[in-house]
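Peer 1: Build out the structure end to end from the sequences listed, making use of the hints.
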Amino acid sequence: MKLPSLVLINPNLVSQKNDIASSGIPYWPITLAYAAAALRQKGFPLRVIDAFGAKPKQITTWDNFYVQGLTPQEILAQLRTRKVDCLITYAGMVHNHEVHLNLIRRLRQAYPQTPIITLENTQQVTSYVLSEVSSQFLEAGATTIYTGEPEKTLDKVIMKKIRGLYNSHPEKPIMNLDRLLFPAWDLFPVKSYWNLGYAHGPITYSKYLPMYTSRGCPFSCAFCTIPALNARLWRGRTGQNVVDEMEYWHSKWGIREFHFEDVNPAMVSSRMADISHEIIKRKLPVIWKITSGTKVEAIKPEVIPLMAKAGCRYISISPESGSPRMLQLMNKPFAHDLALGQIKRMHASGITTQACFVLGFPGEIKDDLRQTAKYIRKLAQVGLDEVALFIMTPIPGSSQWGKISGFHFLSQLTFSPSWRRDFKPLHFFRLMLFAKFTFYRLLYNPASLVKSFVGLVTGSFHTKTEMTIHRLLRVRLWSFLYAR
1 MKLPSLVLIN PNLVSQKNDI ASSGIPYWPI TLAYAAAALR QKGFPLRVID AFGAKPKQIT
61 TWDNFYVQGL TPQEILAQLR TRKVDCLITY AGMVHNHEVH LNLIRRLRQA YPQTPIITLE
121 NTQQVTSYVL SEVSSQFLEA GATTIYTGEP EKTLDKVIMK KIRGLYNSHP EKPIMNLDRL
181 LFPAWDLFPV KSYWNLGYAH GPITYSKYLP MYTSRGCPFS CAFCTIPALN ARLWRGRTGQ
241 NVVDEMEYWH SKWGIREFHF EDVNPAMVSS RMADISHEII KRKLPVIWKI TSGTKVEAIK
301 PEVIPLMAKA GCRYISISPE SGSPRMLQLM NKPFAHDLAL GQIKRMHASG ITTQACFVLG
361 FPGEIKDDLR QTAKYIRKLA QVGLDEVALF IMTPIPGSSQ WGKISGFHFL SQLTFSPSWR
421 RDFKPLHFFR LMLFAKFTFY RLLYNPASLV KSFVGLVTGS FHTKTEMTIH RLLRVRLWSF
481 LYAR
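Quick note on numbering: the UniProt record's numbering labels position 482 of the sequence shown as 482, and the sequence is numbered without any gaps.
In case anyone wonders, no lab produced these hints; they're calculated from the structure. Remember, it's a predicted structure, so these values are computed and weren't measured experimentally. Among the hints, a few may not be true.
Keeping only pairs whose Cα atoms sit at most 27 Å apart, straight-line, the calculated DSSO-like set for lysine-lysine is [unchecked claim]: (1) 252 / 191; (2) 191 / 366; (3) 451 / 436; (4) 344 / 300; (5) 207 / 281; (6) 344 / 309; (7) 161 / 83; (8) 17 / 191; (9) 332 / 424.
Peer 2: Okay, here's the thing in structure tokens:
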């Protein structure tokens with residue numbers, strides 16, 4: 001039987017002009033690359049159009065947002081060059097939502113009889129639960145909203161032309177992640193991502209690749225969508241399989257830097273040790289970075305120097321708040337004192353560290369904010385290199401969805417939600433806290449601050465902070481030079 005020809009589309013990257021903290025980060029479409037690998041193995045003829053990756057320097061302006069990448073007309077022009085039997089779009093991040101909907105409308109106009117399937121991203125903090133907003137996709141022209149992991153049943157949905165909301169969650173989840181193919185990055189414009197000069201995690205070398213070494217998280221933080229997307233289930237790849245992928249890309253493309261983008265890669269300390277031992281045993285000349293806030297308390301102290309020896313150069317953790325009361329409201333388990341010891345050990349081992357905090361969660365009062373500021377100073381005293389300060393936004397699928405109003409469309413759900421009534425005082429507090437932390441860093445960890453200045457000049461970054469400045473300057477320049 002002849003299989004239909006597929007086109008997988010990664011939509012544009014959308015960033016809020018006054019939000020330098022979260023939107024505009026060029027997260028690679030890892031889930032889409034896994035889907036492409038699985039579909040290709042099953043014999044489907046396919047190609048990928050990465051609307052962002054194909055032309056990231058081209059910027060259009062919409063409302064209070066920058067839109068990077070191909071225009072809808074350019075996407076349609078690429079589609080017309082070859083046969084199309086089924087279109088698959090990727091809902092990677094919530095702040096891309098309106099631009100994604102507009103793309104689907106344009107696709108439907110150009111291909112009135114062609115199935116359009118929209119895939120959910122289940123593994124990112126900026127992901128959203130599509131079942132909460134499926135009607136918007138269907139009204140725009142999508143025929144199918146596919147929720148859950150695509151590797152097992154997406155081919156069935158394509159062949160049977162299943163319509164409406166398709167929930168793959170009732171299917172048995174993929175427990176053995178080692179059986180999955182590596183992402184099909186050969187189908188994506190990876191050189192365009194490298195040429196950006198910035199990423200999510202701080203880049204050291206000119207070439208790098210992101211990885212998921214695990215999926216899901218067993219916790220149920222109230223601001224997060226991962227519990228709903230993964231049913232509080234964590235699954236990890238073996239250390240051998242993780243390093244197999246590193247070795248594969250090092251051999252194929254000379255990659256020496258890998259960014260672990262899974263939401264909780266350090267959930268099992270022995271797995272971190274296994275990854276480290278495998279890298280050392282194979283004498284693999286790579287560095288690796290845990291770029292999304294992980295469960296730092298789970299890492300055994302003796303494993304930290306082993307990770308550093310194996311090339312771990314960066315670890316992001318997520319205290320979220322310095323207030324125990326707020327952690328209870330957030331349903332966030334975190335051991336403040338233990339984390340201080342862990343950061344101190346990482347600093348001693350030469351690992352750069354970041355701590356992420358959520359401000360403005362419902363119920364937060366001034367005393368909670370003071371406790372957060374106090375805890376950040378304690379972290380700086382033991383060697384923390386940078387902080388990330390996000391203002392809470394009610395993403396569809398989190399327990400806060402529907403509890404905070406004031407936004408007009410989903411793309412406004414960034415971590416700088418300027419539509420919130422309390423945004424101005426929260427944003428002012430955030431700016432002051434950034435300034436205080438910079439002073440603490442100068443006071444307690446001046447070498448780290450010097451490294452950041454050097455990174456800003458050289459483009460080989462020590463932290464995300466100077467890379468964010470670099471990204472902001474580049475996007476502003478491109479919006480002037482390459483505006484459409």
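Peer 1: Against each hint, give a clear statement of whether it holds in the structure.
Peer 2: Consistency of the hints with the structure:
1. 252 / 191: Roughly 14 Å between the alpha carbons, so the hint for residue 252 and residue 191 holds.
2. 191 / 366: violated, 46 Å
3. 451 / 436: With a Cα-Cα distance of about 18 Å, the restraint between residue 451 and residue 436 holds, given a limit of 27 Å.
4. 344 / 300: With a Cα-Cα distance of about 13 Å, the restraint between residue 344 and residue 300 holds, given a limit of 27 Å.
5. 207 / 281: holds, 23 Å
6. 344 / 309: Holds. Residue 344 to residue 309 sits at ~16 Å (cutoff 27 Å).
7. 161 / 83: holds, 18 Å
8. 17 / 191: Holds, at roughly 26 Å.
9. 332 / 424: Holds. Residue 332 to residue 424 sits at ~26 Å (cutoff 27 Å).
Checked against the numbered hints above, the structure breaks only hint 2 and satisfies the rest.
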